[in-house]
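Chemist: Protein sequence lines correspond, in order, to chains V and P. Residues in the first sequence are numbered consecutively from 805, following this note's numbering. Residues in the second sequence are numbered consecutively from 3, following this note's numbering.
Worth flagging that the hints you see were computed from the coordinates, not collected in a lab. Take these hints with a grain of salt, some might be off.
Label-pair ranges, simulated between beta-carbon atoms [unchecked claim]:
(1) V/Ala850 to P/Ala78: 31 to 37 Å
(2) V/Gly838 to P/Pro151: 48 to 54 Å
(3) P/Ser48 to V/Pro812: 16 to 22 Å
(4) P/Gln183 to V/Pro821: 28 to 34 Å
(5) V/Ala879 to P/Ala45: 26 to 32 Å
(6) V/Asp858 to P/Glu203: 34 to 40 Å
(7) V/Pro860 to P/Gly147: 35 to 41 Å
(8) V/Asp875 to P/Asp65: 43 to 49 Å
(9) V/Asp875 to P/Ser81: 28 to 34 Å
(10) P/Pro205 to V/Ser809: 25 to 31 Å
(11) V/Ala879 to P/Thr141: 44 to 50 Å
Examples of chain V residues lying across from chain P (beta carbon under 8 Å, computed) [unchecked claim]:
(12) Arg816
(13) Phe827
(14) Ala833
(15) Ile852
(16) Leu869
Note that CB positions come from ideal geometry on N, CA and C, so glycine has one too.
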Amino acid sequence: MSFASIRPDEDRPFAEPWQARAFALAVVAADRMGADWDEFRDRLKAAIAAGPPDRPYYEAWMDALETLVADLGDAAQGRQGAPEPSSA
Amino acid sequence: MSEHHNHPVRPKSPQQLRAEALEAVLIERGLVSTDAVDAVVEAFQSEIGPQNGARMVARAWVDPEYRERMLTDGVAAASDFGFVGAEGEHLRVVENTPQVHNAIVCTLCSCYPWPVLGIPPVWYKSAPYRARIVREPRTVLAEFGLELPEDVEIRVWDSSAEMRYLVLPMRPEGSEGMSEQELAGLVNRDCMIGVAVPRVEVPA
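Throw the hints in and build the complete structure from the sequences for me.
Modeler: Now the structure itself:
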């Protein structure tokens, strides 16, 4: 890949609208589960490292979110009342 | 931002379907709400982006005390403008000089100072950028259109959970009479990643 001619969709944070939603899902869900963002990032690094280099970034992102939910989702669901969103 | 009621102009990709299914599951489990997701998407589209970092850079160009503060305590300098929050807890500002040019990367994933730069572009998160900017920075910068003299040292800063970086570019020639606001307009995202430098357009 050369950076001499970056396509417009590669120059944006999100190439497609669903990627923005996938991004925001992780931000909101991690907060709701009381997970430190590092916990998500560690899973993201692992998911990126596990896949082929050309694997779409937001696939790894969704893998990371799914593992975070698998590990912490039940505990968050079991809590009494909805936790207050922290001022992230 | 909800697209659910729009008629798609083309078939949904498997990834899009997966994202929608994931959102539905998380809603059902009470781990997200559509409103909260909308709010995050909206914030990153409007309030949180490289315009924030550009204001800090412009301030540093006109206010030596602020510049000093920015270089010694990036987090404090950002919070002066109210730029705080996730991924902004650790911020180090690295200054370009005539001898040294800086560029930032996250070799392992996509660490990036959100409160001051927003969400990184797709190419920043790509494997080629993450690998090549470290291995052959001069070549990569040239591809971005930035040809640096051979005697300029290039420093590439690898972001991590512990530290995020922002490049403070040099104030360009021709910007002498500009207001702080005009100066901020010269500073784009790529200048603060370090794959470009600010320039003043000279009328032909």
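Chemist: Do the numbers back the hint for V/Ile852, that is, is its least Cβ distance to chain P under 8 Å?
Modeler: 6 Å, holds
Chemist: Given the range 34 to 40 Å, decide if the beta-carbon distance of V/Asp858 to P/Glu203 lies inside it.
Modeler: 37 Å Cβ-Cβ, so the 34 to 40 Å window holds.
Chemist: Is it true that V/Asp875 and P/Ser81 lie within 28 to 34 Å of each other by Cβ?
Modeler: 32 Å, holds
Chemist: Honestly, do V/Ala879 and P/Thr141 meet the 44 to 50 Å range at C-beta?
Modeler: 48 Å, holds
Chemist: Could one say that the CB atoms of P/Ser48 and V/Pro812 fall in the range 16 to 22 Å?
Modeler: For P/Ser48 and V/Pro812 the Cβ distance comes to about 20 Å; the hint holds.
Chemist: Given the hint of 48 to 54 Å, is the C-beta distance from V/Gly838 to P/Pro151 inside that range or not?
Modeler: For P/Pro151 against V/Gly838, whose Cβ atoms are near 51 Å apart, the range 48 to 54 Å holds.
Chemist: Hint V/Phe827 vs chain P: min CB-CB distance below 8 Å?
Modeler: 7 Å, holds
Chemist: So, V/Arg816 near chain P? Judge it on the closest CB pair being under 8 Å.
Modeler: 6 Å, holds
Chemist: Could you check the hint for me, namely that P/Gln183 and V/Pro821 are 28 to 34 Å apart, CB to CB?
Modeler: 31 Å, holds
Chemist: Once the shortest beta carbon distance from V/Ala833 to chain P is found, is it less than 8 Å?
Modeler: 5 Å, holds
Chemist: Is the distance from the Cβ of V/Asp875 to the Cβ of P/Asp65 consistent with 43 to 49 Å?
Modeler: 46 Å, holds
Chemist: Within 35 to 41 Å: is that where the Cβ-Cβ distance between V/Pro860 and P/Gly147 falls?
Modeler: Because 26 Å falls outside the window, the suggested range is violated.
This entry does not satisfy hint 7, going by the numbered hints stated previously; all others are met.
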